[in-house]
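Below, each chain spelled out in residue letters.
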Amino acid sequence: MTNDQLIAPELPEQLDPSVVNKPSGWYEVLSSDQLESKKAVQIEDFPTQLVAWRGEGNKVCALDLYCKHMGAALSCGEVDGNSIRCPFHAWSWNKDGDCDDIPYAKKIPDKAKIRSWATDEKDGLIYVWFDRNGKKPDPEGSRFNK
Amino acid sequence: MSGLPDRFPRGWFVLGHQRDFPIGEEKIIYGFNQKILVERTEEDVKVDVGSGAVWPVLEINQMLMVWHDHENKEPDFYPEKIDACYSDEWSDYGMASFLVKNNCRELIDNMADKGHFGPVHQAPFEGFWNEAKDHTYTQEMTADSPILGRDLFSRAKYEGPAYMTTYMSAVHDGAKVESRLLVSHVPLTLTSFMINFGVMVKKAPGMSQEEEDTFVQGYVDANNFAFAQDVAIWENKIYIPDPLVCDGDGPLHKLRKWYGQFLVDRADVPKGLDMEMREF
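For the record, the sequence lines run as chains H and D. When the letters of the first sequence are read in order and numbered with the numbering used here, they come out as residues 1 to 146. When the letters of the second sequence are read in order and numbered with the numbering used here, they come out as residues 1 to 280.
With the rest of the complex left out, here is chain H (with noise of 0.2 Å):
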């Protein structure tokens, strides 16, 4: 052991959108072939922290990344249908950021609700819509490649 045992380490974090100086627009998160179906990945490259993944009918979802109830990234869920299945207690959310299954509840919260971010698939690439105020996707909005 060294003294590098004292160096803290960075802990994840889910940025607020709305404190986030970026312009609206999409902006380009994968090619299409990163993101193979049934399958959840992390997105660090936009304004905050998402996870995408394909639901049964191929269509990209993308979601804030931590649970809202204890705090999981999700991308280390599994993909259930059309939803994303958290690892820590399998609350499963749909691509609304609704919650629609808890396996070991008799009731859903009302309050049970991630933010959920617009997505589109266009010559091979994946964008998310990002307004810092919520505002709706504009389908002639601006393009950000990487």
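If you are wondering where the hints come from, they were derived from the structure by calculation, not from laboratory data. Virtual Cβ for every residue (Gly too), placed ideally from N, Cα, C. Be aware that a few hints might be false.
What the hints assert, rightly or not - From the derived model, a few chain D residues whose C-beta atoms are all more than 12 Å from chain H:
(1) T166
(2) W234
(3) G248
(4) E279
Claimed, not checked - Output of the computed footprint for chain D on chain H, the stretches with three or more beta carbons under 8 Å from beta carbons of chain D:
(5) 9-17
(6) 101-107
Assemble chain D onto chain H, guided by the hints.
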């Protein structure tokens, strides 16, 4: 790093097994953002945290512990003696350590976190009870699992924020097996901690030393495997200060309030942290 506690909790922290601190040997341990020198002489054990400050030391249940207190006051509680730690009917603790990159409070949630056993550990259970009393927090659990054993019963008890011991009994191949687990940790920084865990088993009649060692190592390996499942979560999560719980969750808010008593000055510890043993 907003949202982190502004200090390390007050309590007893295990520096290691007594046998790892032999007489005349000076040992360096890192913890609490500093270098800690531990030296055992013929008479006693000295723990030097620099600038001449000396922290209270305790040797109990085979462990060497140190008292950390932000206010630098004398201990206001002590862990209970566990007879099995002094009995020939039980093995000694087999120990293992590993580093976790997060604040040490992450470890505590498991006590009330009924919902994680299935998804994280593939360990379904039948009954689940919690109790908070003064500086202690207890979890009892029953299960019937082909992997963990039939008629499984476990009682896990925290004494302070960092010293947890578990008694477990299960039936394997028709025979009752009793074991004890130690889960302790030392925070290195506010975003990292070292887990020191130990496992001991009750010796079966006629068991040779070699068989006993193999048996204990098997339990150490099994627990290492289970901790790795937790760590994969702990190192990829954010802290939710006010979790949105569902009807099937354990008393997470209650547990966190109990833990909070070790993060404030003694004069600021709120009343009403106790909770009678009940099923969740």
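Now the hints, each set against the structure:
1. With a closest Cβ-Cβ approach of about 22 Å to chain H, T166 (chain D) is found to remain outside the 12 Å limit, as its non-interface label requires.
2. A Cβ of chain H approaches the Cβ of W234 (chain D) within 12 Å, the least distance being about 9 Å, so the stated non-interface status is violated.
3. Some Cβ of chain H comes within 12 Å of the Cβ of G248 (chain D); the nearest lies about 4 Å off, and the non-interface call is violated.
4. Every C-beta of chain H lies more than 12 Å from that of E279 (chain D), the closest at about 15 Å, which supports listing it as non-interface.
5. Taking a C-beta to C-beta cut-off of 8 Å, the region 9-17 of chain H contributes 6 residues in contact with chain D, enough for the three needed, and the coverage statement holds.
6. By the rule of at least three residues with a Cβ nearer than 8 Å to a Cβ of chain D, the coverage given for the region 101-107 of chain H holds, with 6 such residues.
Going through the hint list in order, the structure does not satisfy hints 2 and 3.
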